[in-house]
Amino acid sequence: MIIVIDDNEHNAYALEWMLNRFFIPLGDSALFKVVIVHTKPSATSTVDL
Numbered sequence: 014m015i016i017v018i019d020d021n022e023h024n025a026y027a028l029e030w031m032l033n034r035f036f037i038p039l040g041d042s043a044l045f046k047v048v049i050v051h052t053k054p055s056a057t058s059t060v061d062l
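In this text, residue positions in the sequence shown follow my numbering: the first is 14, and each later residue adds one.
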């Protein structure tokens, strides 16, 4: 399972939701592995050109 997050609060909620549904209740017997990809906006994407 892959989840991509950035600095948005909605992404933190999505990560928490996924962990609570698929990992925490199952402990070591979880059926999935998780890969978290953290993205940062580039400088050009934050400036209107």
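What the hints contain is simulated information worked out from the structure, not anything from laboratory work. Idealized CB from N, CA, C, for every residue including glycine. Some hints here could point you the wrong way.
Unchecked claim - Once the Cα atoms are required to be at most 20 Å apart in a straight line, the calculated DMTMM-like pairs of lysine to aspartate or glutamate come out as: (1) Lys46 - Glu29; (2) Lys46 - Glu22; (3) Lys53 - Asp19; (4) Lys53 - Glu22.
What the hints assert, rightly or not - DEER-style ranges, computed between Cβ atoms: (5) Leu39 - Ile15: 15 to 21 Å; (6) Phe45 - Asn24: 26 to 32 Å; (7) Ile18 - Leu39: 20 to 26 Å; (8) Ser42 - Glu22: 29 to 35 Å; (9) Val48 - His23: 28 to 34 Å; (10) Leu44 - Val17: 28 to 34 Å; (11) Gly40 - Asp20: 16 to 22 Å; (12) Asn21 - Asp41: 27 to 33 Å.
Structure-based check of all given hints:
1. For the hint pairing Lys46 with Glu29, the CA-to-CA distance comes to about 15 Å; that is within 20 Å, so the pair holds.
2. Under the criterion of a C-alpha separation no larger than 20 Å, the hint pairing Lys46 with Glu22 is inconsistent with the structure, at around 23 Å.
3. A hinted pair counts as satisfied when its Cα atoms are at most 20 Å apart, and Lys53 with Asp19 qualifies at roughly 6 Å.
4. Taking the CA atoms of Lys53 and Glu22, the gap is about 14 Å. The hint holds against a cut of 20 Å.
5. Distance hint check for Leu39 and Ile15: the Cβ-Cβ separation is about 18 Å, which falls inside the suggested range of 15 to 21 Å.
6. As the Cβ distance of Phe45 to Asn24 is approximately 18 Å, the hint placing it in 26 to 32 Å is violated.
7. About 21 Å separates the C-beta atoms of Ile18 and Leu39, a value consistent with the hinted range of 20 to 26 Å.
8. Evaluation of the 29 to 35 Å hint for Ser42 and Glu22 yields a pass: the beta carbon distance comes to about 31 Å.
9. Separation of Val48 from His23 is about 19 Å and departs from the stated range, judged on CB atoms against 28 to 34 Å.
10. Between Leu44 and Val17 the C-beta distance comes to about 21 Å, which lies outside the given range of 28 to 34 Å.
11. For the pair Gly40 and Asp20, the beta carbons lie near 30 Å from each other, so the given range of 16 to 22 Å is not met.
12. Evaluation of the 27 to 33 Å hint for Asn21 and Asp41 yields a pass: the beta carbon distance comes to about 31 Å.
Hints 2, 6, 9, 10 and 11, counting from the list given before, are not met by this structure.
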